[in-house]
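Participant: Whenever a hint applies, use it, and build me the whole structure from the sequences.
Residue numbers (this note's numbering), protein chains in the order written: chain H, 1 to 386; chain B, 1 to 386; chain D, 1 to 386.
Hints are computed from structural coordinates only; laboratory data are not their basis.
Just so you know, same-sequence chains aren't split out, so a pair can sit in one copy or run between any two.
Straight-line Cα separation of at most 25 Å, DSS-like style, residue types lysine-lysine; simulated pairs: (1) Lys375 / Lys45; (2) Lys113 / Lys3; (3) Lys246 / Lys375; (4) Lys71 / Lys305; (5) Lys62 / Lys113; (6) Lys3 / Lys204.
Every value quoted in this text rests on a predicted model; they were computed, and no experiment measured them.
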Amino acid sequence: QKKIDLSILTKPQKGIEFVGKDSLFSMRLQFRMQNRAAFLTRDDKDFSAGSYEFRVRRLRLKLEGFVYSPKLTYKIQLAFSRGDMDWDMTQESQVNTSVNIVRDAVVYYEPWKDLKFGFGQTKLPGNRQRVVSSGDQQFADRSIVNATFNMDRDFGFFGAYRRNYFAVLGSVTSGEGRNSSGSNSGLSYTGRIEALPFGAFADKNDYQEGDLAREQKPKLSIGASYNFNDDAVRAGGQLGRDLFAKTDMETFSLDLLFKYKGFALYSEFMQRNCSNPITYTSDTLSVQPVFTGYGFLQQVSYLFKSNWEIALRYAEVTPFSSVYNNPDFTSVNLKKNQEFQLGVTRYLYGHRVKVQGNLLYQLTGDLRAKTDAGKFGAIFQIELGI
Amino acid sequence: QKKIDLSILTKPQKGIEFVGKDSLFSMRLQFRMQNRAAFLTRDDKDFSAGSYEFRVRRLRLKLEGFVYSPKLTYKIQLAFSRGDMDWDMTQESQVNTSVNIVRDAVVYYEPWKDLKFGFGQTKLPGNRQRVVSSGDQQFADRSIVNATFNMDRDFGFFGAYRRNYFAVLGSVTSGEGRNSSGSNSGLSYTGRIEALPFGAFADKNDYQEGDLAREQKPKLSIGASYNFNDDAVRAGGQLGRDLFAKTDMETFSLDLLFKYKGFALYSEFMQRNCSNPITYTSDTLSVQPVFTGYGFLQQVSYLFKSNWEIALRYAEVTPFSSVYNNPDFTSVNLKKNQEFQLGVTRYLYGHRVKVQGNLLYQLTGDLRAKTDAGKFGAIFQIELGI
Amino acid sequence: QKKIDLSILTKPQKGIEFVGKDSLFSMRLQFRMQNRAAFLTRDDKDFSAGSYEFRVRRLRLKLEGFVYSPKLTYKIQLAFSRGDMDWDMTQESQVNTSVNIVRDAVVYYEPWKDLKFGFGQTKLPGNRQRVVSSGDQQFADRSIVNATFNMDRDFGFFGAYRRNYFAVLGSVTSGEGRNSSGSNSGLSYTGRIEALPFGAFADKNDYQEGDLAREQKPKLSIGASYNFNDDAVRAGGQLGRDLFAKTDMETFSLDLLFKYKGFALYSEFMQRNCSNPITYTSDTLSVQPVFTGYGFLQQVSYLFKSNWEIALRYAEVTPFSSVYNNPDFTSVNLKKNQEFQLGVTRYLYGHRVKVQGNLLYQLTGDLRAKTDAGKFGAIFQIELGI
Chain H
1 QKKIDLSILT
11 KPQKGIEFVG
21 KDSLFSMRLQ
31 FRMQNRAAFL
41 TRDDKDFSAG
51 SYEFRVRRLR
61 LKLEGFVYSP
71 KLTYKIQLAF
81 SRGDMDWDMT
91 QESQVNTSVN
101 IVRDAVVYYE
111 PWKDLKFGFG
121 QTKLPGNRQR
131 VVSSGDQQFA
141 DRSIVNATFN
151 MDRDFGFFGA
161 YRRNYFAVLG
171 SVTSGEGRNS
181 SGSNSGLSYT
191 GRIEALPFGA
201 FADKNDYQEG
211 DLAREQKPKL
221 SIGASYNFND
231 DAVRAGGQLG
241 RDLFAKTDME
251 TFSLDLLFKY
261 KGFALYSEFM
271 QRNCSNPITY
281 TSDTLSVQPV
291 FTGYGFLQQV
301 SYLFKSNWEI
311 ALRYAEVTPF
321 SSVYNNPDFT
331 SVNLKKNQEF
341 QLGVTRYLYG
351 HRVKVQGNLL
361 YQLTGDLRAK
371 TDAGKFGAIF
381 QIELGI
Chain B
1 QKKIDLSILT
11 KPQKGIEFVG
21 KDSLFSMRLQ
31 FRMQNRAAFL
41 TRDDKDFSAG
51 SYEFRVRRLR
61 LKLEGFVYSP
71 KLTYKIQLAF
81 SRGDMDWDMT
91 QESQVNTSVN
101 IVRDAVVYYE
111 PWKDLKFGFG
121 QTKLPGNRQR
131 VVSSGDQQFA
141 DRSIVNATFN
151 MDRDFGFFGA
161 YRRNYFAVLG
171 SVTSGEGRNS
181 SGSNSGLSYT
191 GRIEALPFGA
201 FADKNDYQEG
211 DLAREQKPKL
221 SIGASYNFND
231 DAVRAGGQLG
241 RDLFAKTDME
251 TFSLDLLFKY
261 KGFALYSEFM
271 QRNCSNPITY
281 TSDTLSVQPV
291 FTGYGFLQQV
301 SYLFKSNWEI
311 ALRYAEVTPF
321 SSVYNNPDFT
331 SVNLKKNQEF
341 QLGVTRYLYG
351 HRVKVQGNLL
361 YQLTGDLRAK
371 TDAGKFGAIF
381 QIELGI
Chain D
1 QKKIDLSILT
11 KPQKGIEFVG
21 KDSLFSMRLQ
31 FRMQNRAAFL
41 TRDDKDFSAG
51 SYEFRVRRLR
61 LKLEGFVYSP
71 KLTYKIQLAF
81 SRGDMDWDMT
91 QESQVNTSVN
101 IVRDAVVYYE
111 PWKDLKFGFG
121 QTKLPGNRQR
131 VVSSGDQQFA
141 DRSIVNATFN
151 MDRDFGFFGA
161 YRRNYFAVLG
171 SVTSGEGRNS
181 SGSNSGLSYT
191 GRIEALPFGA
201 FADKNDYQEG
211 DLAREQKPKL
221 SIGASYNFND
231 DAVRAGGQLG
241 RDLFAKTDME
251 TFSLDLLFKY
261 KGFALYSEFM
271 QRNCSNPITY
281 TSDTLSVQPV
291 FTGYGFLQQV
301 SYLFKSNWEI
311 ALRYAEVTPF
321 SSVYNNPDFT
331 SVNLKKNQEF
341 QLGVTRYLYG
351 HRVKVQGNLL
361 YQLTGDLRAK
371 TDAGKFGAIF
381 QIELGI
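Facilitator: See below:
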């Protein structure tokens with residue numbers, strides 16, 4: 001066992017890469033952090049500070065590469081920030097019982113160039129905004145549509161077949177979400193298709209927000225995802241609080257992305273159905289609903305040559321009447337939410353170093369009482385990584 | 001303080017090593033992950049899925065090297081996977097009160113070649129299967145004998161003296177297990193001796209499962225360990241749930257390892273004694289027993305030239321009648337467990353990259369009622385690391 | 001995107017540094033661990049062991065460097081040891097609800113050499129002993145004055161202006177401490193000034209304990225800090241258990257450091273004021289006081305040419321009568337604490353590798369009953385890092 005020299009390389013915005021000269025393995029190391037100061041007004045008349053959010057929103061470490069053969073690759077991502085570890089003790093839970101540092105831990109086998117099989121934990125092929133890394137977003141965070149309906153990550157088997165004009169993705173996973181300790185007999189099935197009528201985007205530019213690659217020709221991607229979670233035990237399927245009874249749920253998403261010369265447009269529609277969306281304890285004193293309903297997101301942005309970007313977002317989420325006006329469960333009254341957001345971003349080193357300012361207006365609607373309550377907010381965020 | 005160049009090297013299956021050219025320090029970095037999909041049938045008549053285990057079982061990061069002098073070495077191992085952090089909120093506990101990421105954090109001083117002193121947290125010199133890394137096992141996980149009786153890790157002082165034909169190891173540690181916040185006045189004492197009548201194995205091959213080194217001469221190691229845990233406060237000594245009263249316990253192990261040209265045989269016997277194995281609250285409503293009893297493990301394997309391995313395991317664990325038929329505590333009825341396992345492993349890059357399939361049959365015996373219940377299971381596991 | 005070579009360098013005691021040849025980023029990696037075995041006697045008559053502390057006290061990973069421009073720097077520090085993650089389940093809490101791995105995650109911008117702005121989470125510019133890294137202390141841990149009154153870390157905005165003879169530092173932060181999930185409308189304001197009448201110390205030697213740099217001329221630094229925490233919700237402001245009502249608190253510190261040819265002297269005075277130091281539930285059955293009072297610390301040390309150091313410490317902490325003799329809350333009786341400590345340290349590789357032995361005597365005084373209780377103790381600690 002003699003010692004072999006390694007090479008150490010980098011590509012812009014791609015961290016530090018170690019490559020064995022005998023090509024037995026490679027490892028690329030990246031980190032990133034997202035520091036945020038935000039405040040919300042008390043309401044939309046009184047502009048004084050109601051609350052602040054001052055925290056390291058995310059701090060991640062990522063390892064990627066291959067071992068043994070360039071066809072056998074891996075991706076590991078760890079999350080170290082408190083709000084990014086999925087758990088706190090105020091949530092009583094039998095399913096999600098402790099912190100979880102592992103975001104991604106997946107092994108891929110690529111028998112040939114367009115085909116990829118995965119085994120492990122990573123993102124399900126759901127709505128595009130969820131699959132775009134939190135480090136590649138153009139607003140400080142994802143939308144309320146994503147927060148309410150996203151399919152998140154799960155552990156299991158993954159497959160993807162990508163060609164120039166289309167992609168087909170699928171997975172069979174546990175259904176209990178990130179790294180659950182055990183899993184019931186009902187699994188979760190996800191499928192996604194994408195059509196790219198004008199051909200592939202620049203290097204992964206269809207999985208980044210904004211048009212930093214400044215597509216020289218118009219590019220369009222239309223995607224549709226479907227997830228069926230058999231015997232789901234958490235309010236959001238792969239996410240959320242414990243349900244009091246297991247239930248089947250299905251989630252759809254439809255998204256459209258267009259980019260051209262610095263301009264980007266993104267639309268997303270999502271819907272969740274569930275035959276029994278309200279679960280309860282046998283004494284019916286405790287109730288945990290599933291948010292069934294639909295949501296819509298629209299984002300547009302333009303990136304100036306100076307790498308300043310302006311972006312606008314509108315998002316809304318509307319529950320079905322069965323979870324806000326259910327005669328059997330009058331205590332359940334899920335709200336309609338709307339979000340208007342203006343984002344200004346200065347990209348210093350692509351998405352790896354950027355300074356972001358967001359202004360937002362949130363409107364919460366009680367559909368049963370037919371009342372509204374609004375709040376203004378502002379967010380300052382710095383993302384820094386290698 | 002001028003800057004000095006570092007070298008960066010690797011040995012096969014030994015990660016990335018940084019060495020200062022002035023030899024002031026070295027650091028070897030390795031990671032590994034274990035992704036597992038397993039299922040158990042409902043019972044041994046109904047073969048439909050009773051439950052699944054879909055998760056990142058382990059994800060570890062290891063740093064090893066020396067600082068200041070090659071005689072002063074360190075080993076750090078961190079565990080990031082939820083099921084590998086020792087704690088969840090369903091366990092009410094005064095001893096083991098939060099997650100624990102640190103598996104190993106130990107400083108060694110080697111005054112001369114065969115002698116080694118350690119200070120910190122690492123594995124106790126207990127039964128061999130426990131001391132063999134979870135990354136160097138030939139089945140998906142260790143046996144039920146180990147799960148029931150192993151002495152695990154602890155913090156304290158360690159010593160080892162190794163020669164060609166024998167080894168003597170000992171430790172004095174806290175007795176409360178991995179990184180307890182405080183420790184009572186009773187410590188834990190462990191000793192181990194090993195006899196190697198045919199001389200040393202190939203490079204650490206006596207602390208790996210399977211015979212990947214394909215010993216060219218027959219090699220045998222016989223080991224015996226003894227642990228005395230004074231004032232133990234957890235059901236497994238260094239591990240397990242809180243006891244309701246501190247108790248002294250002692251654990252023995254005897255193991256035998258034989259390897260020759262790809263063939264490996266491993267036998268292990270363990271036993272735990274405790275004068276008062278059942279602890280209880282003053283109102284006797286809550287009871288926490290110590291599993292006193294004995295267990296036996298037998299593994300045989302053969303590694304083909306193609307690096308496919310077939311392995312068989314039989315393990316059983318039997319409680320003493322004081323913890324399954326105790327007239328003072330009729331609610332305590334610990335079970336006899338048996339495990340039959342067939343393992344097929346394809347080693348792609350030694351133990352660092354391997355694909356494993358296991359079939360198993362578990363039999364749980366109620367010794368008081370004289371009844372049995374069986375389950376079949378299957379496990380698919382990929383281990384990948386550098 | 002062609003691949004670019006990186007350089008890999010080190011400076012003594014400064015870990016491993018990666019620098020892009022195009023100077024687009026740098027990253028310095030360091031780790032350190034602190035392994036400790038300590039015991040306390042039952043009291044000052046009976047010298048038998050009352051309790052032990054056997055644990056990895058700290059295990060830290062640090063990343064520092066710049067991205068995009070040498071003026072845009074970052075510091076990340078992660079803590080992996082159980083006792084170093086701020087939380088355990090025995091503390092019921094609505095504020096500090098899960099473990100926290102992130103110690104530092106801060107971005108700095110240095111528009112010119114002496115001026116530095118920060119955004120993120122790091123130490124507040126409080127008492128000097130708190131700001132000195134736990135890896136650069138001369139005793140096994142900081143004093144009881146620091147434990148009782150320190151301002152710790154927080155998330156927010158930082159500024160520092162340093163010249164040869166003085167420094168001015170300030171911050172505006174959340175006031176809820178390390179990485180709180182949300183924050184109320186009351187923020188925390190900290191200011192600090194330092195005077196260095198004989199000019200700057202050797203490279204950061206005024207923020208290390210002991211005089212390892214062996215200042216060739218006498219050096220003195222006098223510092224004063226002030227913190228006002230508006231609407232504090234934890235007993236120590238940025239730290240500690242939940243209060244039952246939010247309260248404003250202010251904390252002062254005054255410190256003096258002198259070093260010359262291996263000799264070091266450090267003095268610190270701290271005081272905390274709070275108009276309503278005792279918070280309670282509406283039924284007044286549960287009470288959580290703020291430790292208002294003052295403390296004093298004195299340390300002196302001499303470092304021999306052989307890198308053996310001898311150090312002495314005296315520290316005391318005295319509560320105000322409103323928290324030990326308050327007629328409205330007779331259950332609240334905070335204690336006066338005194339600590340006498342002798343430390344012997346052998347530095348092998350600066351502060352990065354050192355072996356420490358401490359003897360201590362603790363005296364706890366009940367000011368209401370006018371009684372005292374003492375304990376002796378001994379600590380053995382090895383710190384190892386790169």
